[in-house]
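Now that you have both chains on their own, put them together as the hints suggest.
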Amino acid sequence: MGLFKLYKKIFIDRNISNRSPDLTQDVDRSRRNLFVNVSNPVIAIQSLFAVILIFSIVLLSCSTAISAESENNTTKFETMNNENSAMLIDVTPEEITQLIKNSKAKATLVNVWATWCMPCREEFPDLVKLQADLRDKGFRLIFISADFDRAVPEAKKFLEQQGVDYTTYRKVGKDMDFINSLNPDWNGSLPGSFLYNEAGEQVYFWQGKETYEEFKKHILPLLEG
Amino acid sequence: MKKIILSLVLVSALIGGVMAGEGIGLGENIPMANEKMMNIDNNKLSIADVKGEHGTLVMFSCNHCPWVKAWETRIASICNEYMEKGFGVIVINSNDPSAYEDDSFESMVKRAAEMGFKFPYVVDSTSEVAKAFGASKTPEVYLFNEQDKLVYHGAIDDNAQEADKVENHYLINALNSVMSDEKPAMQETKALGCGIKFRS
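Residue numbers (the working numbering), protein chains in the order written: chain A, 1 to 225; chain B, 1001 to 1200.
If we strip away everything but chain B, and leave its shape as in the complex, we get (with noise of 0.2 Å):
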């Protein structure tokens, strides 16, 4: 029994160190800020391009997963409400879209349009960006301050299917702190989500 629990505590240690190491944590940089990715409206853009007074909001999304069809009302009304605020947002597919059609670059443009996104939504076409900030899932949230360091990773709330029973909005919350020069009181959660299909 001693030996399981033990090869457990060295296994749990081994994947967390595992995930550390893949992906940033608090107080990073962002990674790959100057990769070139391409756009709805055809033009290239890196996540430098789009950096704003306050801060970076970067997030892991696609057009295919429910979670993020879940969440979809509530990340083009805060992402566009935040992007009037101060805050250079990037919204970014790294799924290949073999594996899934609907995040396809067509379907990508059309959703854009049905859901009003006014900030850029672009293709992470090799993945690497995606690999390079640790994101498996999608939708993943990564915020960043104003020098660049994140503050905050995880979920947009506390629950994808109710908006209406929303008790913890941790994205809102991390953005209005960075507005206000305050540490988030919450800097990290988790979410289940679509897990990102890596181009290959």
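So here's chain A without its partners, still in its complex pose (with noise of 0.2 Å):
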């Protein structure tokens, strides 16, 4: 409707005012005919004018609504992506137990860390690496983390950084109990990890900080054999 106010505006009361008398009393039928009437090549070529205008002023609207609309679709991609993210989910010691048990990698590492253990900040982007490369030969690297219920926000936060888009997890309960279950001649001490087969057993455990290399030599006879 308001196109066409513009429209009448612009061309058909212009028209009017500059037409003969005895067309003044067709503008109802102008209108009607406004884009058939070919007979007057002034009007043909204002309608032609017209009618671009209108289909141009219906393009930019859509184009616009399209716009919006996938700015949108990005937004909630963006915060989809978010949500899904570098969870961090409360196991207790004898989930993690199921954990390894269920995981059905070839070779599995579990590796306990925290936001305010300095070595396993230094450690992680190796682990991240490590994952990255080995993954599609059957590797899986399960993180757990021993932060506190208030550094979670911090603990996300670093997980993102670092760019792990997987499920990750922070262990709870009793803390000999996250030990033995892991293995009892860990003394506890961060990072800990910890290899284990497709059977689920554990080969291999590490206390303190390594390096790609080191697990990488330990991890790859497993995908081999």
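Please note that a few of the clues may not be correct.
Mimicking BS3-like on lysine-lysine, the simulated pairs with C-alpha atoms at most 25 Å apart in a straight line are [said to hold, decoys possible]:
#	chain 1	residue 1	chain 2	residue 2
1	A	K217	A	K104
2	A	K129	A	K216
3	A	K104	A	K216
4	B	K1069	A	K157
5	B	K1149	A	K209
6	B	K1118	B	K1036
7	A	K216	A	K137
8	B	K1036	A	K209
9	B	K1036	B	K1149
Just so you know, these hints were derived from the structure itself, not from any lab.
Here you go:
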């Protein structure tokens, strides 16, 4: 309706004032025949311009709408990504045992870390790279945070900074049960890393920070075996 | 597979052996008992200086560690209470303050005042005392009986984060046992904690 008023103001009203009196009586008819009346070249050209103008406005509106929708979709996608990335699920020692048992990977490395633990933070990028490099060969990395409740936001932030977009865990429950569920010989120092074979048997463990090469050296035989 | 399992066993044994060789075991004496360390009151004192009639509680701790912070109220309350009951108590910070600013001497003085420490909080300025004990974490507890023999080593209790959900008060139980001239039922426990940042 607004477009028609605009058109009317620019073209029809001006045409009316420019036309001969006999035509002024046919304003309604002119409106009705706006798109088909080509007998008058002036009106035809003006009508063509009007069509182009309206079409352009419609196109512009559609374009804006599509753009806005696209923007909304991007936001939604990013939100979904944020929701799905670097999840930190609380697990008890019993659940950790089940997690390892059900891993099904040829080699599973459990790494216990915490945001306050500097060696853990230093080791972290190597582990992320390990997962990226060996995931397709049957390797699975399970991160378990030993952070307290109040440090969960910081832990999630750190995971995102490290590019971790898969599920990770946080230990809850008693410390000794947790330690013993991973290895009774572990003294609880962080970081702690525990390597399991396809059968879920622990074949190696490390107390303290290790390197990409050290981990890989022990993981590869399990993937190739 | 057998080779892998064997190597695990060997490595575990090796690690266990190395760890056992580095630190003190149950029944052993207090190492470096006469080493003088700077206290927060600017006086130097040794573990031998604080020995109590029932025994001596040595705790490796610090300021920055979240695990210490989680236990800190309990640390202050247990140490204050059992010092009054006749135990010698000393809390040792072996961390390199260049790694954690919050572990500086000034921060120790401040924290002790805030938490109401009535016991010495000293600086292990070379980290050698921690190494002699084989301590690797904060907090880490060593309880010696009146004969200076180690009778308990490990954690304060079984739940750092939630004091109201503690089921096993390891340290309190051990202190009470020593007061009663009994051997603690649980003599060694493990706990997660921050690794000691040894001075180089």
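Against the structure, the hints:
no.: 1; hint: A:K217 / A:K104; result: 20 Å, holds
no.: 2; hint: A:K129 / A:K216; result: 11 Å, holds
no.: 3; hint: A:K104 / A:K216; result: 19 Å, holds
no.: 4; hint: B:K1069 / A:K157; result: 22 Å, holds
no.: 5; hint: B:K1149 / A:K209; result: 33 Å, violated
no.: 6; hint: B:K1118 / B:K1036; result: 19 Å, holds
no.: 7; hint: A:K216 / A:K137; result: 12 Å, holds
no.: 8; hint: B:K1036 / A:K209; result: 32 Å, violated
no.: 9; hint: B:K1036 / B:K1149; result: 20 Å, holds
Violation of the numbered hints given earlier is confined to hints 5 and 8; the remaining hints are satisfied by the structure.
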